[in-house]
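Quick mapping for you: the protein sequence lines, in order, are chains A and B.
Okay, so the first sequence: first residue is 1 according to the working numbering, each after it adds one.
Okay, so the second sequence: first residue is 1 according to the working numbering, each after it adds one.
Mixed in with the good hints, there may be bad ones.
Claimed, not checked - Have a look at the derived ranges for each label pair, beta carbon to beta carbon: (1) B:V12 x A:T58: 13 to 23 Å; (2) B:T32 x A:Y88: 13 to 23 Å; (3) A:N99 x B:T32: 24 to 34 Å; (4) A:T154 x B:T26: 23 to 33 Å; (5) B:I8 x A:L126: 38 to 48 Å.
These are computed hints drawn from the structure, not numbers from a lab.
Even for Gly, the Cβ is constructed at its ideal location relative to N, Cα and C.
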Amino acid sequence: MAVKTFGTEVLTSADTNTYLANSGLVYVKSQTVGTTVSSVTVSSAFSTDYDNYRIIYTGGISSATAQLSMTLGSTASNYYNSIIYCLYSTGAVLGIGNNNAASWTYIGYGSTATVMVSCDLFQPFLTKNTLMSSPHVQFAGGVGGTNQGILIDTTSYTSFTLTPTSGTLTGGTITVYGYRKA
Amino acid sequence: MTRPNIQIDDEVREMTEEEYEALLATGWTEGTDDN
């Protein structure tokens, strides 16, 4: 889409529709999280419409301090990811590896005060390896970091599941966006 | 003991015994809060 600069004129419906249709991130769906759930599966999240996705979960709480893990479809193996994190207090850098595991770990964080997931997934619907990238922000332990991973299979996925390592999740909204292809 | 709930899209229900055992096998605990 050619860049068009507006001055003081009133936007036409055609211009407005063009810009709406060409936004970078396009809303796909959202899922309100229920009460005291130990996992949330979001179906029909990925399709041929987009290759890459952003998943956001905020507004909820966890009954316990927990890390959130993610699985795709019913796959429970071949997840690899590494977390590089830093102590707020000292700046010391540490790392965690997750090698051929049953899920991607540290996708998000939950406590009785907050819950947060911000995760990019690359080509989950394509019959290629799915890659993941997400920031990791938490208060417990005084650390924040970054998380990168890959799922070594060529399954085409349409759904994902978030699971806390401890306790249950209540409330908030999981929203899925697609990265516009062109 | 009441098993935790599981959510699939808009459906929220109590886990089956089988699902709960699978959850426990992942290392899941009821946990404590450190905020």
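(request) Report the numbers of all earlier hints that the structure fails to satisfy, in ascending order. (result) 5
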